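Q: Protein chains in written order, with the working numbering: chain A, 2 to 454; chain B, 2 to 454; chain C, 119 to 603; chain D, 119 to 603.
Since the hints were made in silico from the structure, they are not lab data.
Any given hint could turn out to be false.
Restricting the straight-line Cα-Cα distance to at most 20 angstroms, the calculated cross-link-like pairs of lysine to aspartate or glutamate (EDC-like) are [stated by the list, open to error]:
(1) C:144 <-> A:369
(2) A:307 <-> C:126
(3) C:144 <-> A:189
(4) A:307 <-> C:586
(5) B:176 <-> D:425
(6) D:571 <-> B:305
(7) A:307 <-> C:574
(8) A:176 <-> C:295
(9) C:591 <-> A:288
(10) A:307 <-> C:594
(11) B:307 <-> D:520
(12) A:176 <-> C:425
(13) B:176 <-> D:295
(14) A:176 <-> C:594
(15) D:501 <-> D:560
(16) D:144 <-> B:369
(17) A:307 <-> D:295
(18) D:591 <-> B:125
(19) C:571 <-> A:305
Quantities reported herein were computed from a predicted structural model and do not represent experimental measurements.
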Amino acid sequence: MPFVPHTESDISAMLARLGVADIADLFDEIPAGLRIKGLEGIGPALSEADISRLMQTRARQDGEPLCFTGAGAYDHYVPAAVWDIATRGEFYSAYTPYQAEASQGTLQVIYEFQTMLASLTGLDVSNASLYDGATAFAEACLMAVRANRRNRSRKILVSRTLSPACREVARVMLKGQQIELVELAIRDGVSDSDALNNLSAADFAAVAIQNPNFLGSLDAVDVLTDWAHSGGALVIGVANPMALALLKPPGQWGAAGADIACGEGQPMGIPMSSGGPYFGYLVCRQDIVRQMPGRIVGRTVDLEGKPGFTLTLQAREQHIRRSRATSNICTNQGLVATAATIYMSLMGASGLRSVATKCNANTNALVDALTALPGVTRAFAAPFFHEAVLTFDRPVAGVLDTLSSNGILGGYDLSADYPELGNALLVCATEMRSATDISAYAGIASEIFGAAA
Amino acid sequence: MPFVPHTESDISAMLARLGVADIADLFDEIPAGLRIKGLEGIGPALSEADISRLMQTRARQDGEPLCFTGAGAYDHYVPAAVWDIATRGEFYSAYTPYQAEASQGTLQVIYEFQTMLASLTGLDVSNASLYDGATAFAEACLMAVRANRRNRSRKILVSRTLSPACREVARVMLKGQQIELVELAIRDGVSDSDALNNLSAADFAAVAIQNPNFLGSLDAVDVLTDWAHSGGALVIGVANPMALALLKPPGQWGAAGADIACGEGQPMGIPMSSGGPYFGYLVCRQDIVRQMPGRIVGRTVDLEGKPGFTLTLQAREQHIRRSRATSNICTNQGLVATAATIYMSLMGASGLRSVATKCNANTNALVDALTALPGVTRAFAAPFFHEAVLTFDRPVAGVLDTLSSNGILGGYDLSADYPELGNALLVCATEMRSATDISAYAGIASEIFGAAA
Amino acid sequence: MTEALIFEYRSEGRKGFVAGPDAVPKLPAEALRADEPTLPTASELEVVRHFTRLSQQNFSIDTQFYPLGSCTMKYNPRVCNQLAMLPQFLGRHPLGPVEHGQGYLQTMFELQEMLRIATGMAAVSLTPMAGAQGEFAGVAMIKAYHESRGDDARNQIIVPDAAHGTNPATATMCGCEVVEISTRPDGDLDINRLREVLGPNTAGIMLTNPSTLGLFERQIEEIAAIVHAAGGLLYYDGANLNAILGKTLPGDMGFDVIHMNLHKTFSTPHGGGGPGSGAVGVAERLKPFLPVPFVQRLDGRYTWATEEHYPQSIGRLSAFMGNSGVLLRAYVYMRMLGRAGMERVADFAVLNANYLMVCLREAGFDVAFPERRASHEFIISLKSIARETDVTAMDFAKALLDYGFHAPTTYFPLLVPECLLIEPTESESRHALDAFVAALVDIRDTAYSNPDKVKEAPVTMPVRRLDDVRAAKQPDLVWQAPGAG
Amino acid sequence: MTEALIFEYRSEGRKGFVAGPDAVPKLPAEALRADEPTLPTASELEVVRHFTRLSQQNFSIDTQFYPLGSCTMKYNPRVCNQLAMLPQFLGRHPLGPVEHGQGYLQTMFELQEMLRIATGMAAVSLTPMAGAQGEFAGVAMIKAYHESRGDDARNQIIVPDAAHGTNPATATMCGCEVVEISTRPDGDLDINRLREVLGPNTAGIMLTNPSTLGLFERQIEEIAAIVHAAGGLLYYDGANLNAILGKTLPGDMGFDVIHMNLHKTFSTPHGGGGPGSGAVGVAERLKPFLPVPFVQRLDGRYTWATEEHYPQSIGRLSAFMGNSGVLLRAYVYMRMLGRAGMERVADFAVLNANYLMVCLREAGFDVAFPERRASHEFIISLKSIARETDVTAMDFAKALLDYGFHAPTTYFPLLVPECLLIEPTESESRHALDAFVAALVDIRDTAYSNPDKVKEAPVTMPVRRLDDVRAAKQPDLVWQAPGAG
Ligand SMILES: Cc1ncc(COP(=O)(O)O)c(C=O)c1O
Ligand SMILES: Cc1ncc(COP(=O)(O)O)c(C=O)c1O
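Same shape as in the complex, but just chain A:
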C-alpha cells in the first residue's frame, strides 16, 4: 500500500488490541448520515513510474522558452548546491523548529538568513520570512499602521510605480481593517514628487516606495523618504534584493533611512516555478521589532552557556496572542528561505554584485538592440537597473504572440495595469541571457517591425 507500512498481520494485531473488528468501527462517532462510500471521481492509483512519465510529458509540453520577462519573477542562475542541500531530508521534511534543541540546523540557518537580509537592506532586524513579496508588502503596511505612534492614520501613500500585484494583494489584506491605500501618481516612469505638494505627510501612517520601481526605473527614494519623515509618516521601502547588491539600501534612503523594508526574495536562488514558492522578506528598525509579524529566531545560550538558537519574541504571534497577534501567519516559507541563505552564502556580496551588473548590462544591450528598430522607443529617460519600458507603434499583445510562437517570452505587457503608458512593454534580460539570446529576440522583433536588420 503506497505510504502505509501496515501488513495484514499488523492490522489484525492492532485491531485486536483495540477490541474492534474492523477499521471502519473506529469511525463510529461520525453520524451515519455523514459517512460516505468513498471518493468517487478520484481515479485509480498510478505507480511511481507512471506518474513520472505523466509529469515528464506535461513538463515537456510546456517547453523552455527564452525568458525576457521579469515583472516580479526573474530568471537567474541557481547554483547546483543550493537545492541539493536545501532538499536534504533533514531540512526538507522537518517541521517548524518548535523543539529548538532538535532543530538547531533550521534555526541557525534562519538566524543567518535574518542577518543577511538585515545587512542587504541596511536595516536592523529581519523576520524568518513571509509568504511572498506581495504579502510582505501588505504586512509591512499593517505593521506601519501599528508602529506609527505619532499619528493614528489608517492611510498609506503608495506610489503607482509600486508593483500592481503588491498593491492589489495589500488592498485585499488591508480591506478588513479599513486601511486605505492612496495612490501617488507617476511621472516619467518614477513617482511624481511634485504631487507631494498637494499632500500632507502627517495624513499618512506610512509612505511606500519601490526601488527600482515596477517599471524598472530608479525612483526618487531620498526625496520621498525625507518628505514622509518630515510629517511623521513611516517609510516602507520595497526592493529586489538582487538590486541591493548595487544600490543604496532602504536603510540609507534620505536622511534617516526607511523604517521598514520588504520585498520578494525570489531572485535569491529561487526558481521561477510558475510563481512560487518564493518568500517575502520583512526587515525593520530595532525599535519597532515587536510590531513585526511572523517568526523570528534569536541567539541565546544553553544551560551550559553554549550558544544556541531558538524562536523568540513569540508573544507577537498567533499561537500565543491569538486574536491580538501581529498577524495570523503561522507556516511561512522556511525551506525557500533556507535555499536563499545557501544562495547568498555561495554568491557573497561580490557574486551578487557580479550578477546584478550583468543583468544591468544585458538589459541595456537588449534595450539598445530593440530601440534601434523603427517603431520601438524607450518610454522614459530615467536610469534603470534590469528592467525597462519600451513603447511600440502598435499593440503589444500581437508582438508578444509572435515572439511566443518563436519560443521567446518577450516581456510583460503593461497596457492593462498602466493604460496611460500606451503600447508599453516591460522587458528584462538577466545574467542568463547571452548575446545570442538577445540577438534572437532582436532578430524576430526586426521581422515584426520590418526593419532592414
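Using the hints provided, position chains B, C and D with the ligands relative to the given structure of chain A.
A: Showing chains B, C and D with the ligands alone in chain A's frame:
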C-alpha cells in the same frame, strides 16, 4: 578562484610562513627542463551557468529514444529515493571506509548489500562489489583457478551463450596468467549439452554458465552444473539479479549448486548511463571466501560489545598482500552498490518479482507483435526471461536504422557476435515499455516488413 | 559539535561564487551603495560543508518519528520532489502565456478537481499559501458574501476555545470580532453556549472537525443547522482533514468554506516551517467570491480565471498563483494514492492514533478523553505525574529527543493541562509506535526514580536546554561582525 | 544511536515498492525459484529513514576535512553531479547508435583531449574503471608492445618499495614478476640498485612522481634514460597527478604510459569506495595497444574506435566504455577549471601541503623528509611519541575523529614507521589547516599527560574502536534471519 578558497592575504601569509617568495618556488625540485609554461590547448574556464547550458544542449541533442535494447544494460524504473539518498554528501563524498568508526554508514550499507546479493544468488558470502559484470566474470574465473584444489587446470569451459563482452574482458584479463577460455557450443539458443560428451570436466578448473543466457534463453544449468561437479570442476554461475527474483538461483543449480556466482548489477536501480558506472557482484561458497577478490565488510563488536562494521579479511587484498593479492582491485563501485542496496530495499522481493514478471510479459508481447509480421520469426523455441532473438528475412542493420530515425532503439544486432545465427536481433522490453510503446515499434516494423498492419 | 556561523568563515577579499568577469553598471553614482553588505565570504566547499552539517542538527521525518500533533508529519515521497523539480516546471515564468503552460495548467486544474471531490465542495482555488492564508480567504469570502447581500452588520466570528491560534488571529485580520465558546467535558462543543452567541452579528463559525482535541464533533449536523438558521456561515479548518479523508465530507457536514493544508493531508514537506499551501474550497453560494486566479477549462484549453470572470472575487492573495511547487507535489502525491490510497489515509491515520492511545492508556497514562475514539490524534495529560514528580510535559518532550523521537505538540490545546497532543500519521509502522510507547514508559519510570535526570534532558542534542527568557529579553536577532556593533 | 539492520524492519507480508499489479510469468515451473530471497520488507519511509540515518554516520568531504594521503579528497562540485545526471545522459543505452549519442561522444572526445594535454601523452583511452584497472591496461600494453616486437622474455616489472599495493598486484595479474627496489634516505629512488636490476627481462618500471612519500623524484630524467636504454618502458601511476598539474608533464619526463585517477585529480566523488576512473594515456609507440573502445572524430562526426581500427589493442576492459557517469563529472570539472584553474590545482595543493608540513614541523612533529619540499602531501612520523608514550599513529588517527577531522592515511607507505601521510588538497582553507594543526598538538599534549585518553578514542563516533581480529577470525559477512542459520 573556482574551488580554491585562498585569498591574496592568505597566500602571502602562508608563503611568509614558508619563507618563499612565490608559489612557483615550491616546485623547485622539479628539474628546470621539465617545467612547463602551462597547459596550452586547454580552453578558458566556464562558469557554472555556462557549463550547465553546454551540457544541457548536448544532452538534448542525444534525445531520449524508446529503448528496446538490452544485451547487458536494461532500462528499468529507478525510484526517486534511490539516487536522492545515494548522492547525499555523506555517501557521495566519502572515501573507502578505512576509518571504520567514522564510516559506519557506508560499512553497514555494504554489509546489507552483501546479505542481499548472497540471498538473491543462493550463495553464502558476497564481496563489496567489483567494477562491472564483465570484470566480475573475469575475477570469478581467476578465483576459480585459485580455489579449485582438486585439479590444477588453467582452463575454463565457457558457454558460447555467455555474454560476448564478458568473454572478451575475461580473455583480456586472464591472458597474462595464461588461463584459457574454452568455448562450449550453442544449440537452439542454449549451451549444447551434447558437446559435453567430447569433453572431460576434470580438464577444467571451472565451467561458466549464464542464465538467462545472453540470447535471453533459460540455459541448461542443472545438467551443466552436475557435469562440472562430476569431474571436479567448479561452477561459475552468471546471472542478472533481476531474473533471480523469479528464477532458481545459482546456489540451487544442479545437485550441489554453483560454487561462485557473478554478474552485472546494473538492473538493480542503476541508470543505463552509456554503460557505467555499474557494478559487478561476486558471491561464493563460504569455504572459498579467502580466494575472493575485492573488499569485504564484516560485522564485529566495539570495545563496549556494541555491534559495528569494518573492512575485513584484508589479507587477501593488494594493500596488504601486494604482489600476492587475490586481485589488484582497490577502488570499487561503492556508491553504485549503495544505490543498489537502497533500490533492493525499496523493492523487496515482491517488488522485484513484480518488475521481473512485467518484463517477461512485455517481451512476450513484443515478440508476439513482431513475429506476426511476415519475414520475422523467433530464432529458438527455448523459454526466455526478458530478451529474445528474432530472425529477419533481411539484414538487421537497415531495420535498426529505420527504427532509430523514428526514435526507437530496436534491439541488439547479433550478426557480428553470432554470425551463425544469420540476420538475428536480440530484443528486450522491460517494465518501462507500455503497450503503446510496443505498438509504436510494431507499427514501424510493419511498415518496414510491408505487412498489412 | 556546534557549527560556526557562516559569517565566521569570513576571509578578507575572498570571492564568492564565480559568475565570470564583472561589467560596470550603467547606473548613476549617487544611487549606488557605498558599503558592502555582510554576506559570507566562504568558499563553495565551506558553504556546502556548513549547511550540510547544519542539516544534520535537525530532526525530521526522514530521520525520526515525529508525532507532532496537529502537524501531520507523514512521509513526504521523494518522487513528489523530483517531479516538481523537473526543469520545465522550475523554469516556467508565472506570467508566461498559457500556450507555454498547458501541461502545468492542466495539472493545476486536475488538482482543483481532486481537492473539490475530496472535500465535497463546489469549487476550489489554490492560491492561499498556507493554512492561515486559506483561513483569511475563507473569512474574507464570508464577509464578502454577507456584504453582497447588504448584510453589513455581520462581523462576529465564533471560535471554540480549543481552536488553533490562527483562527482568532485571522478573524481579527479580516476586521471581525472574535467570540470564543467553550468545549464540554466530553470534548464536544457547548451547543447551548453557541445558541446564546448566535445572532444578527454572526458572520460565521470556524471549526475543525475532528477538533484539535482529536475528537470528531458529533453534533456537527445540529451545529450547521443552527448557525445557518442564524444567518451565519460555517468555516472548516482543514488542518485535520487527514482523519476523515474518504470517510466523510466537510461539504456534507454543512460547511460553506474550507481550507486544506496540503502540507499536512497531502504530504507536501514542511521544510522546517514552510512553504505550505492552504487551498480553499467553497460551497456554491461562495463561488463568486473565490480568490483569483485559478484554472478553468474551456473547450479543452486551460486558462486563468481572473477578476474578469469573477468580478465579486475577494481578489488576489499572492503576486501570482500561490505556491505552485507545493501544489505540484500535492498533485503527484494524490495521483499516486488514487482513490483507494486516499481512503486508506484516514483508515490508517486513525488506526495508528487509536492504537497508540490504547497502548498508552493501558500503560497507565491519562488519556484526556478516554471515553472517546481518537481521530488521527489524541491527547494525554501528564498533570498527575507533574504533581507527583515535578516532571512536566515539557520535560517529557525534551527527554523524548534523547530517545530519538521528536516530541508531540506540548501545551496545546490550551484547555488540557500538561498535555501532549500526539499524531502518529498513517505512514508510521506499528514497530515505531511500540517503540514510542516504550520510551514514554521509560521516561515516566525515570521521572519517579530520578526526576532530575529527566529535567536535565536533552543531553544528546547539539545543545542543552536553551535560555528562552534571555532570548526574548536580550534579543540577538542578527549577527554583528566583531567590532561592528 | 546505532541503526538496526534494514532486514530487522522485516514485517511479514509487507509489500515493497508498488510497481502495480503482477502478471504471471511465462516461464517453466522447474526454472522458478522456490524460496523467497532475504530482501527487506521495509516501508518506503523506513527505507528512506534507515539510509538517511546511516549516511549521517559517515565522515565525508561534504562534512569534514579529510586529509587522507594519496586519496586527494578535494571538493566534489555539486554541479558535476547535477549535470552528469541529466535525464538524457542517464537514459542513454550504451549500445545506442552514435546518431543518438553525438552530444555524449563529443564530450568524451574532448575529455580524452584535455587529459592528453594535461599529461603530455599522445593518446588517451577512458575505459579503465579505476586506478588499478588503468595500471592493468598500462602493464598489459607494455607487455603487448614487447611481444609485438618479439621481445618475449621481458616479464619483469620494477616497483619501488614505497609503491602503492596496486602496482605489484597489477604486475602479477598481468603475469609479470615483481622486482622491488629500495628508496634512499633522501626519499629518491636508489638508482644504483635500479641499474643492477635492469636487464633483458625488464618489461618496465612503475613509478609515481611525486612518489607516495610526497616527494618529487629528482632523478626522473636519468631514470627514464637508463630504463629506456635497457629496453624497458616507464609506467606512471597518476594517483599523484594533483601535485604537478600544469607544472610538468609525465610525457616530458619520459613516461610511456600513465593512468590518471579521475576520482582524485579531477574531483569525481569517491562515493565511499568508488566508482572511479583510471583513464590511460600513452606515448606514440603504445598507441596501437590502447584498450578499446574510445572516441574518434572523423569529418566532424564522433564514432567509436574499436578493434577494427586498432587490431593490436589489448582489447576490452569493461562491457561497454568504463564509468561514463564518472567521466562526465570529470569533464564538467575540467571545463569549469579551464586552463588557469587547472594550473592552480597544483599551486594550491602544494602550497597547502608545504604550509601544513611547516606548521607541524614548527609545532615539533617529526617530518619524514624535513630537507625536502612536500609535493601535495607529506609524511610525519610519530615514532618518538609512540616510544615515549605508547600512543601510536593509529591512536592519533582515532583521536582526530573526535576533533571532527578524518584521519590521514596511516602506516602507508610501509617504509616510514608510525607514519601519517597527510594530503590537504587545494580546496581546504588556511583556517582548516590551522585547526588541524591545533588538534594534532592537542592530541600530542594529551598523549603525554593522559595517554589512556587518546588510546580510548574515539568516543564521539557511533561506535568505539572495533574488534578487527574478531572480524577476521569469525567472519560475519551476511546477516542471517534469526533461526535461519
Ligand atoms: C488546526 C490548525 N489550523 C490552522 C493551522 C494553520 O496552518 P498554517 O500553519 O499552514 O498556516 C494549523 C497548522 O499549524 C493547524 O494545526
Ligand atoms: C598511489 C596510488 N596508486 C594507485 C592507486 C589505485 O587507484 P584505484 O584505487 O583507483 O584503483 C591509488 C589509490 O588508492 C594510489 O593512491
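Q: Confirm or reject each hint.
A: Hints, verified against the model:
With a C-alpha separation of about 13 angstroms, the suggested pairing of residue 144 of chain C with residue 369 of chain A holds against the 20 angstroms cut-off. A threshold of 20 angstroms between alpha carbons decides the hint, and for residue 307 of chain A with residue 126 of chain C the separation of about 16 angstroms falls inside it, so the pair holds. Between the alpha carbons of residue 144 of chain C and residue 189 of chain A the distance comes to roughly 19 angstroms, so the proposed pair stays at or under 20 angstroms and holds. A threshold of 20 angstroms between alpha carbons decides the hint, and for residue 307 of chain A with residue 586 of chain C the separation of about 13 angstroms falls inside it, so the pair holds.
With a CA separation close to 17 angstroms, the supplied pair residue 176 of chain B and residue 425 of chain D stays within the 20 angstroms bound. Taken as a hint, the residue 571 of chain D and residue 305 of chain B pair is honoured in the structure, with Cα atoms around 16 angstroms apart against an allowance of 20 angstroms. Taking the CA atoms of residue 307 of chain A and residue 574 of chain C, the gap is near 15 angstroms; set against the 20 angstroms cutoff, the hint holds. Taking the CA atoms of residue 176 of chain A and residue 295 of chain C, the gap is near 15 angstroms; set against the 20 angstroms cutoff, the hint holds.
Simply put, residue 591 of chain C and residue 288 of chain A have alpha-carbon atoms about 14 angstroms apart, close enough for the 20 angstroms limit, and the pair holds. In summary, the hint linking residue 307 of chain A to residue 594 of chain C is supported, as the alpha carbons are separated by about 14 angstroms, within the 20 angstroms threshold. A threshold of 20 angstroms between alpha carbons decides the hint, and for residue 307 of chain B with residue 520 of chain D the separation of about 18 angstroms falls inside it, so the pair holds. Between residue 176 of chain A and residue 425 of chain C, the direct Cα distance comes to roughly 17 angstroms. Compliance with the 20 angstroms bound is thereby established for this hinted pair.
For the hint pairing residue 176 of chain B with residue 295 of chain D, the CA-to-CA distance comes to about 15 angstroms; that is within 20 angstroms, so the pair holds. Of the pairs offered as hints, the one joining residue 176 of chain A and residue 594 of chain C is violated, with about 34 angstroms between alpha carbons and a cut-off of 20 angstroms exceeded. About 17 angstroms separates the Cα atoms of residue 501 of chain D and residue 560 of chain D, which keeps this hinted pair within 20 angstroms; it holds. Restraint check for residue 144 of chain D and residue 369 of chain B: satisfied, since their Cα atoms lie roughly 13 angstroms apart, inside the 20 angstroms limit.
A C-alpha spacing of about 61 angstroms is found between residue 307 of chain A and residue 295 of chain D, which places the hinted pair above 20 angstroms, so the restraint is violated. Among the hinted pairs, residue 591 of chain D with residue 125 of chain B is consistent with the structure: their alpha-carbon atoms are about 17 angstroms apart, no more than 20 angstroms. With a CA separation close to 15 angstroms, the supplied pair residue 571 of chain C and residue 305 of chain A stays within the 20 angstroms bound.
Comparing the model with each numbered hint stated earlier shows that hints 14, 17 do not hold.
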